[in-house]
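Novice: Sequence lines, in order, name chains W and R. 265 is the number that numbering that gives the first Met the number 0 gives to position 266 of the first sequence; each next residue is one higher, with no gaps. 27 is the number that numbering that gives the first Met the number 0 gives to position 28 of the second sequence; each next residue is one higher, with no gaps.
None of these hints come from the bench; they were simulated from the model. Hints may contain errors.
Said to hold, decoys possible - Okay, the calculated beta carbon distance ranges per label pair: (1) W:S90 / R:K148: 32 to 42 Å; (2) W:L292 / R:G103: 36 to 46 Å; (3) R:R129 / W:G504: 50 to 60 Å; (4) R:R129 / W:E75: 35 to 45 Å; (5) R:K148 / W:G258: 36 to 46 Å; (6) W:R76 / R:K148: 35 to 45 Å; (7) W:R464 / R:L41: 43 to 53 Å; (8) R:G103 / W:R80: 30 to 40 Å; (9) W:L381 / R:L72: 32 to 42 Å; (10) R:R163 / W:W3: 31 to 41 Å; (11) R:R28 / W:L72: 54 to 64 Å; (12) R:L41 / W:R76: 43 to 53 Å; (13) W:L381 / R:S58: 48 to 58 Å.
Remember, it's a predicted structure, so these values are computed and weren't measured experimentally. Ideal Cβ positions, reconstructed from N, Cα and C, are used throughout, including at glycine.
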Amino acid sequence: MTAWRSLHPRSLAASAVMSTTIVVPVVAVLIRALPGDWPVAARTGVIAGAAVLVVAGVLVFDLARLRTTAWRLTDERLELRSGIAFRTHRSVPRDRVRSVDLTADPVRRLLGLAVVKIGTGEHASGERTTLTLDPLSRREAEELRGVLLRGSGEEPGDAPSRDVPLAELDWSWLRLAPLTVWTAAGGVLIMGIAYKPLDALGVDLVESGAAAELWDWVTTRPWFAVPLLLAVNVLAGLAGAVATFATAWGRYRLEREPGRLRLSRGLLTTRSLTLEERRLRGVELTEPLLLRLGGGARVKAVATGLRKKEENEADDVAMLTPPMPREAAGRVAEQVTGAATPGLLSSPAPGPPSHPRPGLRPHPRAAMTRRLRATVLSTAFLAAVTAAAAWSWSWPSPWAWSWTLPVLALPFTLWLAVDAARGLGHALGERHLVTRAGSVARRTVALDRGGIVGWTVSESYFQRRLGLITVSATTAAGDGHYDVLDAGTEDGLGLAARAVPDLLGPFLRTPGPGTPAPGTPASATPGLATTEAGTPVSGARLTRLPDPRTPPAGRPVP
Amino acid sequence: MRTVTNARRDRPRAGAAAMLRPPREQMDRRAVPVWTIELLFLTVPVVAAAVAAYWVFTSRPVWLGVLTAGFALLLLGLAVAAPRAYHRLNRWEVTGEAVYTRTGWFTHVWRVAPMSRIQTVDTERGPVKRLFGLADVTVTTASAAGAIKIEALDHELAAELVERLTAMTQATPGDAT
Chain W
0 MTAWRSLHPR
10 SLAASAVMST
20 TIVVPVVAVL
30 IRALPGDWPV
40 AARTGVIAGA
50 AVLVVAGVLV
60 FDLARLRTTA
70 WRLTDERLEL
80 RSGIAFRTHR
90 SVPRDRVRSV
100 DLTADPVRRL
110 LGLAVVKIGT
120 GEHASGERTT
130 LTLDPLSRRE
140 AEELRGVLLR
150 GSGEEPGDAP
160 SRDVPLAELD
170 WSWLRLAPLT
180 VWTAAGGVLI
190 MGIAYKPLDA
200 LGVDLVESGA
210 AAELWDWVTT
220 RPWFAVPLLL
230 AVNVLAGLAG
240 AVATFATAWG
250 RYRLEREPGR
260 LRLSRGLLTT
270 RSLTLEERRL
280 RGVELTEPLL
290 LRLGGGARVK
300 AVATGLRKKE
310 ENEADDVAML
320 TPPMPREAAG
330 RVAEQVTGAA
340 TPGLLSSPAP
350 GPPSHPRPGL
360 RPHPRAAMTR
370 RLRATVLSTA
380 FLAAVTAAAA
390 WSWSWPSPWA
400 WSWTLPVLAL
410 PFTLWLAVDA
420 ARGLGHALGE
430 RHLVTRAGSV
440 ARRTVALDRG
450 GIVGWTVSES
460 YFQRRLGLIT
470 VSATTAAGDG
480 HYDVLDAGTE
490 DGLGLAARAV
500 PDLLGPFLRT
510 PGPGTPAPGT
520 PASATPGLAT
530 TEAGTPVSGA
540 RLTRLPDPRT
550 PPAGRPVP
Chain R
0 MRTVTNARRD
10 RPRAGAAAML
20 RPPREQMDRR
30 AVPVWTIELL
40 FLTVPVVAAA
50 VAAYWVFTSR
60 PVWLGVLTAG
70 FALLLLGLAV
80 AAPRAYHRLN
90 RWEVTGEAVY
100 TRTGWFTHVW
110 RVAPMSRIQT
120 VDTERGPVKR
130 LFGLADVTVT
140 TASAAGAIKI
150 EALDHELAAE
160 LVERLTAMTQ
170 ATPGDAT
């Protein structure tokens, strides 16, 4: 398998079909732009010529790309040479491959092709973290995935449906799909998307008077028109949300294979993502407010080396499930963590007393005091600023009443503050540190304690007065740090000390008669001042790079 | 290097049973003049510009003069006082197992990184610091949020620290994620 291989030549067919997306607007523009007094034959000829030129151009470009791109898989590395003008040669050690992502849009699917994206764990900023093979044949792509991800577990055995999946699409989840803010913005959003193409075709809604007519129509019968417009808007949003859900998550399936998770989804464009479990550092249960009120949640992976979300992708790559019922999401999350983890299964609200399941430890009342105080103060500040602005503008100002807006919103913001404080909680699971926070975007994170690479403890002036502390676990995966917000001082520090033994513990001081004075020498290794002088290497930069050949399986718990 | 801790500040609060103890090492004394000079580099031009603007562009009313003088004194006072407070508050410690620092005045921040998870150790010396023989050491872990900076060390001490940390982290297997 060491010979250089090329991409699949059927890519030409795919790009020929794709080129129609350029041909259509070019033809539309030409129809408008060509002078009307030309004979029909001449106009047809010009248009046909332009269309052929576009298709030919795309084909030539794609051919050049195919001819200049080559890849090979050696025993140690995956190599890719590419670039028509600027040649690049990228080479990735095989054991650095952390995820393999197969995508096929409808055209490529019909042609039996798939785009392979290989995620490598390089974390340095600005560095490209994916290698793309666009396209390989479906069979080749599956084969490559199998070969690349072998070695982390046992033989895959190529039988994906062998065991029961962790999760599979249930079409009743569709009811949770519209529970996003985008639904409310639906019609407006569609107008915004449609504006550009309409503008290119020369339809200008503002200048053609359509907008003015609509405005007149609305202002003459507002009691009828405004609700109607709102209803149309929401209906469009509903349709959009349902359609997006169906195309993105149709045929969704999450499976556990030996040593890895495999997610496949997509009605038209199929995607499948394979994630090695040794890269998994935990799991996150996200509950945006609307979804939470509707009884739903989503599950996200906390993993190292996952590629970042690309601009044209609606969902985060780490997202493991669509919006689904809270309990089912909790079950999936707990199965992904593979250990007994508190807080994932219990209901998100404080919970009925009939739920004896060990939940999260709530945070002290002072956390609620702090949130309520911040809400009231920021409302007062906003109202004062608005009032001052309206006053200084002109008097009597038509905006003089605007300061009441923040005040009128106060019941809602106070509810948010209470809800946020009630949601706070933390716990230690069998293998995980669990923390929950947030109201508008509540998330419960279970972080593998073995994946914690340090602590940041912070205590602001106000927290100090209330006896609160924020303990933040830093990790290589996901967001880089996961915080336990506003825990009681003793509680939070105790949590950190127990989560990773011997890391924070030596720096804790329990007061009492036996407390050593802070100035006495440490019982641990003495400070640097006592070591003998070394060679001065001023300005030196000594870097330790991770050795790719060392098996990370023996990750030591500090 | 080891100094007597300010006992009043570090006494545990009533009611708080457990707290993080302050790291044992203090910054080098020379950090105070270094930061003072660095801050003066920033504040003196601002103050000069304010005074010049007052003298040239206004009709020199008394109230504005008082305001300008107040502003100038505030900035210069800050430049003199802040480094002293900074020196008193920021502490660090390196044990056999971890790097530990405390920073901050309004918000206290303690950071801990275990030796086994350290990925890079860098030293950095600005022009003023070089003049006074000081250096900063930055320790990073695999986390995007986990860098720890130990500021204003004697440069020989810094070099020694880097050497020691590098030796220690190289002895640990795994890719420290």
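Novice: The structure should be examined with respect to each hint, and the outcome stated for every one.
Specialist: Going down the list of hints, with the structure as the test:
Between S90 of chain W and K148 of chain R the beta carbon distance is about 34 Å. The supplied range of 32 to 42 Å therefore holds. Between L292 of chain W and G103 of chain R the C-beta distance comes to about 38 Å, which sits within the given range of 36 to 46 Å. Between R129 of chain R and G504 of chain W the CB atoms are about 38 Å apart, so this pair departs from the stated range of 50 to 60 Å. Between R129 of chain R and E75 of chain W the beta carbons are some 43 Å apart, a value that agrees with the proposed interval 35 to 45 Å.
In this structure the hint that K148 of chain R and G258 of chain W lie 36 to 46 Å apart at CB holds, the actual value being about 38 Å. Our hint of 35 to 45 Å for R76 of chain W and K148 of chain R holds, since their Cβ atoms are close to 36 Å apart. The hinted range of 43 to 53 Å is not satisfied by R464 of chain W and L41 of chain R, whose Cβ atoms lie roughly 32 Å apart. At roughly 50 Å, the beta carbons of G103 of chain R and R80 of chain W sit outside the given window of 30 to 40 Å.
Between L381 of chain W and L72 of chain R the Cβ separation comes to about 34 Å, which falls inside the hinted range of 32 to 42 Å. Checked against the hint of 31 to 41 Å, the C-beta distance between R163 of chain R and W3 of chain W comes to roughly 47 Å, which is inconsistent with it. One distance hint, 54 to 64 Å for the beta-carbon pair R28 of chain R and L72 of chain W, holds here, with the actual separation near 59 Å. The supplied range of 43 to 53 Å is met by L41 of chain R and R76 of chain W, whose beta-carbon atoms lie about 50 Å from each other.
For L381 of chain W and S58 of chain R, the Cβ-Cβ distance of about 38 Å falls outside the hinted range of 48 to 58 Å, so the restraint is violated.
Going down the numbered hints, you'll see the structure goes against 3, 7, 8, 10 and 13, while the others check out.
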